[in-house]
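A.B. asks: Spelled out from the first residue to the last, the chains are:
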Amino acid sequence: MADIVLDHVTKRFPDGYEAVKSMSLEIKDGEFMILVGPSGCGKSTALNMIAGLEDVTEGELRIGGDVVNDRAPKDRDIAMIFQNYALYPHMSVRENMGFALKLAKIDQKEIDKRVEDAAETLDLSEHLERRPANLSGGQRQRVAMGRAIVRDPQAFLMDEPLSNLDAKLRVQMRTEVAELQSRLGTTTVYVTHDQTEAMTLGDRVAVMRAGEIQQVGPPQELYNEPKNLFVAGFIGSPAMNFVVASAEGDTLKLPFVDAPLTDDMREAIKDHDGSVLAGVRPGYFEDAALVEDDKDGVPFKAKIKLIESLGSELFAHFALEQDPNQIDKTTTEAGLDELSGSSLDTIVARLDPASKIKRGDEAELWLDPSKILLFDPESGKRLNTGNADANDDENDDENADDGETSSGSERPDQSEDDSHGAGEADTDTPSKGTDRGTDTKPEEPGGERADQT
Amino acid sequence: MHHSARERTLWSIGLLIVLLFALIPVIWIISLSLKTPATVTDKSFIPTEFSLENYKGLFEGGINDSPFIRPLINSIVIAMITTFISIVLASLAAYAIARLRFPGRQLILAGALAVAMFPPISTVGPLFDMWRTLGLYDTYPGLIIPYLTFSLPLAIYTLVAFFREIPWDLEKAAQVDGATQFQAFRKVIVPLAAPGMFTAAILVFIFAWNDFLFAISLTSSDASRTVPAALAFFTGDSQFTQPTGNIAAAAVLVTIPIIIFVLIFQRRIVAGLTSGAVKG
Chain A
1 MADIVLDHVT
11 KRFPDGYEAV
21 KSMSLEIKDG
31 EFMILVGPSG
41 CGKSTALNMI
51 AGLEDVTEGE
61 LRIGGDVVND
71 RAPKDRDIAM
81 IFQNYALYPH
91 MSVRENMGFA
101 LKLAKIDQKE
111 IDKRVEDAAE
121 TLDLSEHLER
131 RPANLSGGQR
141 QRVAMGRAIV
151 RDPQAFLMDE
161 PLSNLDAKLR
171 VQMRTEVAEL
181 QSRLGTTTVY
191 VTHDQTEAMT
201 LGDRVAVMRA
211 GEIQQVGPPQ
221 ELYNEPKNLF
231 VAGFIGSPAM
241 NFVVASAEGD
251 TLKLPFVDAP
261 LTDDMREAIK
271 DHDGSVLAGV
281 RPGYFEDAAL
291 VEDDKDGVPF
301 KAKIKLIESL
311 GSELFAHFAL
321 EQDPNQIDKT
331 TTEAGLDELS
341 GSSLDTIVAR
351 LDPASKIKRG
361 DEAELWLDPS
371 KILLFDPESG
381 KRLNTGNADA
391 NDDENDDENA
401 DDGETSSGSE
411 RPDQSEDDSH
421 GAGEADTDTP
431 SKGTDRGTDT
441 KPEEPGGERA
451 DQT
Chain B
1 MHHSARERTL
11 WSIGLLIVLL
21 FALIPVIWII
31 SLSLKTPATV
41 TDKSFIPTEF
51 SLENYKGLFE
61 GGINDSPFIR
71 PLINSIVIAM
81 ITTFISIVLA
91 SLAAYAIARL
101 RFPGRQLILA
111 GALAVAMFPP
121 ISTVGPLFDM
131 WRTLGLYDTY
141 PGLIIPYLTF
151 SLPLAIYTLV
161 AFFREIPWDL
171 EKAAQVDGAT
181 QFQAFRKVIV
191 PLAAPGMFTA
201 AILVFIFAWN
211 DFLFAISLTS
221 SDASRTVPAA
231 LAFFTGDSQF
241 TQPTGNIAAA
251 AVLVTIPIII
261 FVLIFQRRIV
271 AGLTSGAVKG
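Quick mapping for you: the protein sequence lines, in order, are chains A and B. Residue numbers are given in my numbering: position 444 of the first sequence equals residue 444, and the series is strictly consecutive. Residue numbers are given in my numbering: position 98 of the second sequence equals residue 98, and the series is strictly consecutive.
Honestly, I wouldn't trust all of these hints.
Residues from chain A that face chain B, not an exhaustive set, calculated with beta carbons under 8 Å [as the list claims (entries may be wrong)]:
#, residue
1, 53
2, 78
3, 80
4, 86
5, 88
6, 90
7, 100
8, 103
9, 104
With a cut-off of at most 35 Å between alpha-carbon atoms, the simulated DSBU-like pairs for lysine-lysine come out as follows [as the list claims (entries may be wrong)]:
#, chain 1, residue 1, chain 2, residue 2
10, A, 356, A, 371
11, A, 105, B, 187
12, B, 187, A, 109
13, A, 113, B, 187
Quick caveat, the hints were computed from the structure, so don't treat them as lab data. Because the structure is a prediction, the values reported are computed rather than measured. All C-beta atoms in this analysis are idealised placements derived from N, C-alpha and C, irrespective of residue type, glycine included.
Same shape as in the complex, but just chain B:
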């Protein structure tokens, strides 16, 4: 494809605007996190004094007293469990929807979509009462279950699209080669759907990782509070100081795993694993 110079300039400008729009808040947060408490409100974009105090503060007191470590662990564990369960269930469901002909296939897909459309805020109140009664309030399952509810449709949708792309003949070949339906799924279909699985996994992980609504409503202590909720409970050094720097530092830190996660799996997502399966 050839673009004229003019066209390229226009595209570049557009790209630059989008990049700035997306990155300035991130840079602003990083900048804030590096400022000392005294200069936090000096309105300068680049810190006049660099300091890592805010970061150190997050980890002070070790696992028991630090306001950050415990929620970080909660976040990691909850997001990972959610991702794992969600992908396992979603891949089975998506496989069935993509491969098997059964009545109500479309209905299931539509139902999943409807669930995803449901405003989460409307479920928080009932959940709060139910969880208290059931003893799920302020526990890991108490968060994992609603996360699954909202992430499964997403994962199923993504995976159905991927499964549909896989030539069905591969599965037939595996069956003729002596595989049971499940073996064919596990040894042929799943490896080939890996890019889709990673895509779905990232989406689910980010969803669970970033959630604030459920985390703030259904937790009450560090037993299960995740980072986004914990940030709201940060306190300053004294009653009169805002913990702006600490919050910024924590925000930067919670973003890092996501970035790493995406960078690691990006190549796997992009890699066209299915190429060469059939004559192309």
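Just chain A, same shape as in the assembly:
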């Protein structure tokens, strides 16, 4: 077991495209680190560099303290689980799992023992003599895991290992992966484009975009204190809603409601002319009929164009009228257009399932504006803490706010290469209906919205 350190690692392909740009990341011994981001953000390339399957163009890569830049994959003592499992079709499950040990010239008895132990753990004992072709998707996935764990390597690298499973199995395997990792305590780097996996699995999550790490932190931190618009929009399901907002006097003018401006917001945008982007999580909304009177918030009316009921919660979609030109201008740099499921003209609100609101209703909704996050429309940088209550009471949070915003300020000017994402560098398979939130949602909100409008 070992720690993995990426020290300003860059991957430049022969055509000049930089898939990974000066990435620095420290993965502690035994840590479960998630690399998450949309297709083409460089996360798989980063993983392949750790595995040794891609050369490091610049920077230094250390595993367990040793610089491994020029070391062949076989000399790095890492195990990798591939998206398509990459099981050897001409070998039985037993041979698949024992292949690495056999190459390492380990005694056959020892190989058998370790393979059988791993098979036991993974519930594969009955299938040891079968070929991968005769296994179900979940079993294949387990064999791939087994192949990794029999070796007891320094680190596990997982490249979207669950994305080929159906939704139910994926949730189940997700739990198993988490359990296995915590039991083995092996350093793990896990690549995914699924924010649900990122949130549920990782000790820490690194959100990547266009070859750069946007933010690294524990999942809850990313959710509560995203450094920028991209992270805010990527983490959370359904995704955060973004609307163009502006401050006038004591009110924050949102396209659908005027909300009181908190001190936190006022402080954040005092040097800011014009409009900002406001990030409103679906959970800040509620059915006005179900809100207790003493709760602070603002009611408003909205025409509901779609209701998605999941039993335990309910999502109401309503449309907005925003000036599309203004949106185009403000969002490209910040990366909003890269966030699937984030559109500026539809708002998703999460309501209590007891709500009686129906599709087509001119419904009265309610918004708790205190946690709204404001973003710089050009850089995407977060401006306020989104922590209005605490801010009113304690001054400490004010300081935290400053620190937060300044640490997020290193990003704004580094996103020229947004338009890439195809070509050689794009080792990420485009998501096949596995967009964020499909674990829990029967339909994809994006597609649904398109149909409705």
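Since the structure of chain A is provided, determine the placement of chain B on it from the hints.
C.D. replies: Relative to chain A, chain B alone:
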């Protein structure tokens, strides 16, 4: 897929025509080989008298005097050596072309194709002179080398297509599992490309086995003469009899190994070995 009865009839008729077209000459040769010298010219499709004399005649005199045994051995050895070398070289070349990115990749492939397009007859004259000077004339290498020249492009082309089909992740997985690049190639890629290797092997073998042009031009004795060339040197019982029956019998016999070869490996070629490698 559903076809109407009419459609099926049409397809059946078409198939039958093709089959007849392909098989009648074969049957005709078999028929000829079974006829006695007296009835060989009786123009009947089915022999009136069955006889295995023609076959026996081929083997009369043992290895030294038989006109057939020695060339048969030559054919087998030369075709097998050609096939072996060709597949080994072609799989390495094809692997490089399919997997590695290096400048001139397309050029190599195009060059290989150009060689395959070259009319063999135009190379025979120069080869004849060169081989005589070099001492390769009428030797096994003298035939194997030109066979390799013309079969390699074929083999490379076939194998490149097969290698491209193999998920690259398998090789990455092998490397991460601790294999060197060569081990990954030998233990993972080659077994998976086996159907392609057999396909290419059959093609190369048939090419070498059937060649007449080089065999007749670059050999002068039973030391290296292969069957197709040897057939031309068959003599009748006397100066005035045509060895038609013997030639037919020899032709039938040389076809048999090819048929066996194809039948044995056909299943391996068709078997989708790669299924189950990745989620399908």
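A.B. asks: Now look at each hint and say whether the structure bears it out.
C.D. replies: For each hint, the structure was consulted:
The criterion of a C-beta within 8 Å of any C-beta in chain B is met by residue 53(A), whose closest approach is roughly 5 Å, and the hint holds. A hinted interface residue such as residue 78(A) counts as satisfied when its beta carbon comes closer than 8 Å to some beta carbon of chain B; here the least separation is about 7 Å, so the hint holds. Checking residue 80(A) against chain B by beta carbon gives a least distance of about 4 Å; that is within 8 Å, so the hint holds. For residue 86(A), the shortest C-beta to C-beta distance to chain B is roughly 4 Å, which falls under 8 Å, so the interface hint holds.
A hinted interface residue such as residue 88(A) counts as satisfied when its beta carbon comes closer than 8 Å to some beta carbon of chain B; here the least separation is about 6 Å, so the hint holds. For residue 90(A), the interface hint holds, the least distance from its beta-carbon to any beta-carbon of chain B being 5 Å, beneath 8 Å. Below 8 Å, beta-carbon pairs count as interface contacts, and residue 100(A) has one with chain B at about 4 Å; its hint therefore holds. This hint holds: residue 103(A) has a C-beta 4 Å from the nearest C-beta of chain B, less than the 8 Å allowed.
The interface hint given for residue 104(A) holds, since its Cβ lies 6 Å from the closest Cβ of chain B, which is under the 8 Å cut-off. Distance hint between residue 356(A) and residue 371(A) is fulfilled; the C-alpha atoms sit about 25 Å from each other, no more than 35 Å. Of the supplied pair hints, the one linking residue 105(A) and residue 187(B) holds, its CA atoms being roughly 14 Å apart against a limit of 35 Å. Distance hint between residue 187(B) and residue 109(A) is fulfilled; the C-alpha atoms sit about 21 Å from each other, no more than 35 Å.
Among the hinted pairs, residue 113(A) with residue 187(B) is consistent with the structure: their alpha-carbon atoms are about 23 Å apart, no more than 35 Å.
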